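Asker: Sequences listed follow chains B and Y, in order.
Using the working numbering, the letters of the first sequence correspond one by one to residues 150 to 284.
Using the working numbering, the letters of the second sequence correspond one by one to residues 45 to 323.
There could be a bad hint or two in this list.
[Unchecked claim] Cut-off 27 Å, straight-line C-alpha distance, at most; resulting in silico cross-link-like pairs (BS3-like, lysine-lysine):
| id | chain 1 | residue 1 | chain 2 | residue 2 |
| --- | --- | --- | --- | --- |
| 1 | Y | Lys130 | B | Lys240 |
| 2 | Y | Lys60 | Y | Lys112 |
| 3 | Y | Lys112 | B | Lys240 |
| 4 | B | Lys272 | Y | Lys196 |
| 5 | Y | Lys186 | Y | Lys202 |
| 6 | Y | Lys197 | B | Lys278 |
FYI, nobody ran anything at the bench for these hints, they're computed from the structure.
This one's a predicted model, so the numbers in the text were calculated from it and none came from an experiment.
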Amino acid sequence: MESKVKEINIVGFLCNWCSYAGADMTGLGRNIYPSNIKVIRIPCTGRMDPMMIIEAFHNGADGVLVSGCHPGDCHYTEGNFYWRRRYPHLKSLLEHFGVDRRRFHASWVSASEGKKFAEVVKKVYAEVKDWKDNG
Amino acid sequence: MDKELQEIIKKLLAEKKVDWAIGYEKAYDELSTRPAFVQDANDTARLIFNKYCINNLGLYLTKFKKNKLAVVCKGCDIATVFELIKEKQFSRENVVVIGVACEGVLDKKTGKQLEKCENCRVKQPKGADFTVGTGKDSAAPKNFLDVVEFEKKSSKEKAEFWNRQFEKCIRCYACRNVCPVCYCPDCFANRTMPEYLNKNVDAEENKLFHMIRMQHVFGRCTDCKACDTACPVNIPLTLLTKKLAKDAKELFNYESGADMDVLPPLSTYNEADSESDIL
Chain B
150 MESKVKEINI VGFLCNWCSY AGADMTGLGR NIYPSNIKVI RIPCTGRMDP
200 MMIIEAFHNG ADGVLVSGCH PGDCHYTEGN FYWRRRYPHL KSLLEHFGVD
250 RRRFHASWVS ASEGKKFAEV VKKVYAEVKD WKDNG
Chain Y
45 MDKELQEIIK KLLAEKKVDW AIGYEKAYDE LSTRPAFVQD ANDTARLIFN
95 KYCINNLGLY LTKFKKNKLA VVCKGCDIAT VFELIKEKQF SRENVVVIGV
145 ACEGVLDKKT GKQLEKCENC RVKQPKGADF TVGTGKDSAA PKNFLDVVEF
195 EKKSSKEKAE FWNRQFEKCI RCYACRNVCP VCYCPDCFAN RTMPEYLNKN
245 VDAEENKLFH MIRMQHVFGR CTDCKACDTA CPVNIPLTLL TKKLAKDAKE
295 LFNYESGADM DVLPPLSTYN EADSESDIL
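Using the sequences and the accompanying hints, generate a full structural model.
Answerer: Below is the structure:
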């Protein structure tokens, strides 16, 4: 009765205007990607409160992916520029507290890049799996 | 030196240039000092400054916002004042900074000089309205040797280390309450809707509190070590605040409180910022 395989949980925070639509496009295009990602829609990566990411890890997420519009394409003009500054600092801080590098990722996916979204999720899944298997 | 300090404050109070002056006074024994709040020009005789004046008085500026204040600052505390002004907590005109030259402060528990004083480059205060005494700055730059050493550990070892440290934490919130840049009237740790933080005191929740607090003070923390000194169970918070300083320096070339014209790193952006790590 080994049916309870330790499943990998990845929380995906996707921006409403690009990446969320991009994730839709992935489905429409019948691209296959790991279903371990649980998507949470956010208005903009600029709204991405680092607290929510820390909370996600605290509550048992194995990985977190934050995805937004490409720089310059932000619906609110500059939200993702702020995110781009928060990301490296948060990654570094989380690492200092012992959250592995492989667990936290960010990406740019536009509404038309369904294929890219599938690739990104596959990549994140591989990294998180690597962490979980090899420590 | 005390005399000179008292004269300056006496004059400021007598001429009604400030409503309150915040300085240090002698506390219950020879080695102890505490913050002193002086409102009367005839009451300045109790103000002192010595090597046990460890408190960062920048803490009180956000609590007396409506008044004009004079504050006694060591060179390192001035960074805090500048950082708070940048965050528009009060205007530069409302605060008179009295810089005191400092030869390094001692922790009275151990009798040793604080680690931050070793390579201090602001023994002679910079940017103050009045300066008392002269100090000799260290030529060596700030080093992050212990942080670099810690970073070499694997993430598992790091997690274990912090879990052990935060098992000690009694969540007294002394680190937050003593932090000059933790001035939110409604701290996330106290909120119940939504409840970001379980009120249980256990290692995981404690770690969550410290992680979020460190994130909140990134780029604003001036590494003044107030939290580290206040901690009753000796959690090495310096290892965290130094990491913040190191990251701000390395990622954004930012030094808290050093330059009044440069905004904190997360309050601004540059279109040319690096995105090497983004998929």
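Asker: Now, for every hint given, state plainly whether the structure supports it.
Answerer: Structure-based check of all given hints:
no.: 1; hint: Y:Lys130 x B:Lys240; result: 26 Å, holds
no.: 2; hint: Y:Lys60 x Y:Lys112; result: 9 Å, holds
no.: 3; hint: Y:Lys112 x B:Lys240; result: 41 Å, violated
no.: 4; hint: B:Lys272 x Y:Lys196; result: 25 Å, holds
no.: 5; hint: Y:Lys186 x Y:Lys202; result: 24 Å, holds
no.: 6; hint: Y:Lys197 x B:Lys278; result: 21 Å, holds
Hint 3 from the earlier list is the only one contradicted by this structure; the remaining hints agree with it.
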